[in-house]
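The chain contents come next:
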Amino acid sequence: MAFLELEGIAKYFGAVAAVDHINLSIQQGEFLTLLGPSGCGKTTILRMVAGFEAPTHGTITLDDEDITHRQASKRPMGMVFQSYALFPHMTAAQNIAFGMQIKKQPTDHIKRRCAELLELVGLGEMGPRYPHQLSGGQQQRIALARALAVEPKVLLLDEPLSALDAKVRVSLRNEIRRIQQQLKMTAIYVTHDQEEALAVSDRIAVMAKGKIEQLDQPEEIYSNPNTVFTATFVGTSNQFNGVVESASDGRCKVGDFILTTSRITHLHPGNRVLIVVRPEEVSLLPATHTESANGTANHIAGSIELRTFLGPFTRFHVQVNENTTLTADVPSQQARSFETGQRVILTFPPDACQVLALDGRAQELQQLAEAEKV
Amino acid sequence: MTGAADIQQTQRTPDARARRFTFRWDTFFLVAFVLYLIIPLGATLIFGLSGNNGIDFHSYQQIFSDKDFTKTLLISLELALASTVLAIVLITPTVYWVQLRLPQARPLMDFLSLVPFAVPAILLALGLGEVYSSSNVFVNILSLGLVPLLSGNGLNIVDTPQLLVCAYVIVSLPFVYRPIDNSLRAINTRVLAEASYSLGGGWWRTFLTIILPNILPGVVSAALLTFSTAMGEFTLSSLFGIYTFPIYLDQVGQNDAHKAASLAILSFFFTLVCVLAILLFVGRRVSGKQTNVEIAAAK
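Top line first, the protein sequences correspond to chains A and B. The numbering of the first sequence is this note's numbering, which starts it at 1 and goes up by one. The numbering of the second sequence is this note's numbering, which starts it at 375 and goes up by one.
These are calculated hints, taken from the structure and not from any lab test. Everything numeric in this text was worked out from a predicted model, so none of it was measured. For glycine and all other residues, C-beta sits at the position ideal for the given N, C-alpha and C. Treat each hint with caution, since some may be false.
[Stated by the list, open to error] Pulled a few chain A residues facing chain B out of the computed Cβ check, cut under 8 angstroms:
1. A50
2. F52
3. H69
4. A72
5. M77
6. M79
7. F81
8. A85
9. P88
10. H89
11. F98
12. G99
13. I102
14. K103
15. V150
Chain A on its own, in the form it takes in the complex (with noise of 0.2 angstroms):
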């Protein structure tokens, strides 16, 4: 049985269910993302576990223990929260200090700890200070200590990063990601930034609509997307809907193009499919380079519509008919020979392809995972 056990979870809201019938089995030492869309039921599953909302199906079990009804001050978990939630009364070593004055341990040792959980965070000064002297990484930061002060079996962040600047999110969620390695906490992240989760977390579970539509390690969730709603959500992705003209050899019919593919085992001739192709999958050539153009399995005429220089590559945006524009990075030193409006053949090999199967859901998920990234 794994360390902290969901089984069967959900949550209605009058006729609505925020979670629907979920499964989630989390390792001992594990970091594991919720991630998807603002209402797919990710912060509900953290209330639930965090005992602030009682699941109307299914039971929690933590270390083979019961946990589904037991108050929240009495289950063995630290919060992190989106707004901090600092008491503002006290001073930043008074909050790191509150969770064990409660459990009522010696106060030399509630020194002791405090000192060390503030050098953990990198704030070994400000243990006097009060949060509105704070900046607001430094007030997250002491909600982290405070959060581990109690010596919590599982770490609970709730978009813990959301109310800060670009810059203090990318460098307070590598220092997530080291202390809990350090300390190897068993923590649950919840956020909606799909970077953020790549870059932290030792698995990830896409959710849409209350479900879990793919959980799996970060590379596999951006090579490998097993529904419509993960290949779109995460990442930037061209897409091509068609249908499967032959499933033994790939090929599926786009359009006016024939695109061949190599994982079509699990479909048949006829069956509306959704073709994903990452833009770093995608190579640019001259339109003059027919021939080796020719040679590839999939190429695609057009004319480069818009140019974006992002650093160690350059995204193209081309325009291969009225309707449709495809995307293609291309390492910004190869990228120089390219000028928009330039006619380019854009050229992707059939393992880029991911086909996954275009039912009605998975329709209306492609269109809020798409709603969601404007």
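Since the structure of chain A is already known, use the hints to place chain B on it.
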């Protein structure tokens, strides 16, 4: 040079004039407001001190030698303190509980807090007297047996100071509910409470050590308003037949206008001293904390 100076002069003049103009109106309104408050007090003070031969402290001497003055003042003080404590102890946790666990009951609380404005004190007094002196089965059931218990032979609460305190709490409900509710809304109550729970804090501990210190200004404000309301309340105590300070003031006023004016001034200063003492006490605590913070920050 002269031309430039002229231009500067002409540019500065309208600004300066506008500034002086605004300042005058501000001052005018401020002075008018202060006079509006002070003139009646000053007139009352002068009237109380005026005698046949100029300033006369005779009325004050009479007041301080009158046993009823001390007696009624102490009764009013006791009633006001009891009402304040009961109102705060009863309403603060209730509003916190509604905010946290029963937000859907907020409209009902808002409505209930306004009811005392709509129900005249005379009706409240008659109603309470009627309820606690009748043996209506319907009332007994609705009150879950509390009314027969409190109005029985052994413990007859009708027209007692205890029931008067309860009536004062009802009358001061709007003044207690609003500041506390506003303070709870101003802080992030739910998240602070959840943070405390996640650290092992129970409901009462969270309320007393986390929520209460952060809504203290609202609670103090509610306490001051309840205290002043109870100290000056006339109708209820009159109908309950309890001899409080405002009734004494009224009786004295019917016989000796000078003495009544002096009493009014004494009553005003007494309440003012109480209020200032509480404000200074709370203010010192806050400023002391800030000083500590500043020292810590400097370190």
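Verification of the hints:
no.: 1; hint: A50; result: holds (6 angstroms)
no.: 2; hint: F52; result: holds (6 angstroms)
no.: 3; hint: H69; result: violated (15 angstroms)
no.: 4; hint: A72; result: holds (4 angstroms)
no.: 5; hint: M77; result: holds (6 angstroms)
no.: 6; hint: M79; result: holds (4 angstroms)
no.: 7; hint: F81; result: holds (6 angstroms)
no.: 8; hint: A85; result: holds (4 angstroms)
no.: 9; hint: P88; result: holds (6 angstroms)
no.: 10; hint: H89; result: holds (5 angstroms)
no.: 11; hint: F98; result: holds (6 angstroms)
no.: 12; hint: G99; result: holds (3 angstroms)
no.: 13; hint: I102; result: holds (4 angstroms)
no.: 14; hint: K103; result: holds (6 angstroms)
no.: 15; hint: V150; result: holds (6 angstroms)
Comparing the model with each numbered hint stated earlier shows that hint 3 is the single one that does not hold.
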